[in-house]
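A.B. asks: One letter stands for each residue in the lines below.
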Amino acid sequence: DARVTQTPRHKVTEMGQEVTMRCQPILGHNTVFWYRQTMMQGLELLAYFRNRAPLDDSGMPKDRFSAEMPDATLATLKIQPSEPRDSAVYFCASGYTPGQGTDTQYFGPGTRLTVL
Amino acid sequence: GNSVTQMEGPVTLSEEAFLTINCTYTATGYPSLFWYVQYPGEGLQLLLKATKADDKGSNKGFEATYRKETTSFHLEKGSVQVSDSAVYFCALTNSGGYQKVTFGTGTKLQVIP
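Listed in order, the protein sequences are those of chains L and S. So that you can map any letter, position 56 of the first sequence is 56 in the working numbering, and since no number is skipped, the others follow by simple counting. So that you can map any letter, position 66 of the second sequence is 66 in the working numbering, and since no number is skipped, the others follow by simple counting.
FYI, nobody ran anything at the bench for these hints, they're computed from the structure. No false leads were mixed into what you were given.
Here are the simulated EDC-like pairs of lysine to aspartate or glutamate, each with C-alpha atoms no more than 16 Å apart in a straight line: (1) S:Lys100 with L:Asp103; (2) S:Lys100 with L:Asp56; (3) L:Lys62 with L:Glu44; (4) S:Lys100 with L:Glu44; (5) S:Lys108 with S:Glu42; (6) S:Lys100 with L:Asp57.
The model shown is predicted, which means the values in this text are computed figures rather than measured ones.
Between the sequences and the hints, there should be enough to build the whole structure, so can you do that?
C.D. replies: The structure is reproduced here in structure tokens:
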């Protein structure tokens, strides 16, 4: 049963610290999404990769957030420096698109980030 | 642009009651429509989908029919169980080219014994 994995599952840090979240997409998937979920804003798309290339990161605060895919089995989302308003659950999702469009997304369990 | 509007929750039902969660959308072209479910402490998972008008998606007793004339994709279940308590998200994506998935705000369902 293939699943998206995310680490860590929980992270508590102090304001100003760097936070790195990792995601392993399902083997064979070529699209990766990063989402942030909060009670106030709901589910927000932060970044989208296809075939490891960033296609859309318009939802991501550029001054402190960065997203990369160093290889097909690893996606990272980094926050530097972190702020209390970054506290949220961060989800990674992967999927497969053969050429155009997107279809079903498979979500990981999320990383719950608390910035004090 | 694309948008999805869901009925606001929370929705509280007794076990075995009939469930309807309304979803309407705005999109260009012919979107694919989805319902995702999020159980407490977990990520979203696909519940069902429909890719063209008049298609009916179904899974685990849930159904939704793609109604292009009313731009709706309402979720229904004839008899809910306590284990159905979760947050339900309606979503859409356009085919062709890169298209983000547009999610609704989610509707929380609580089923009481």
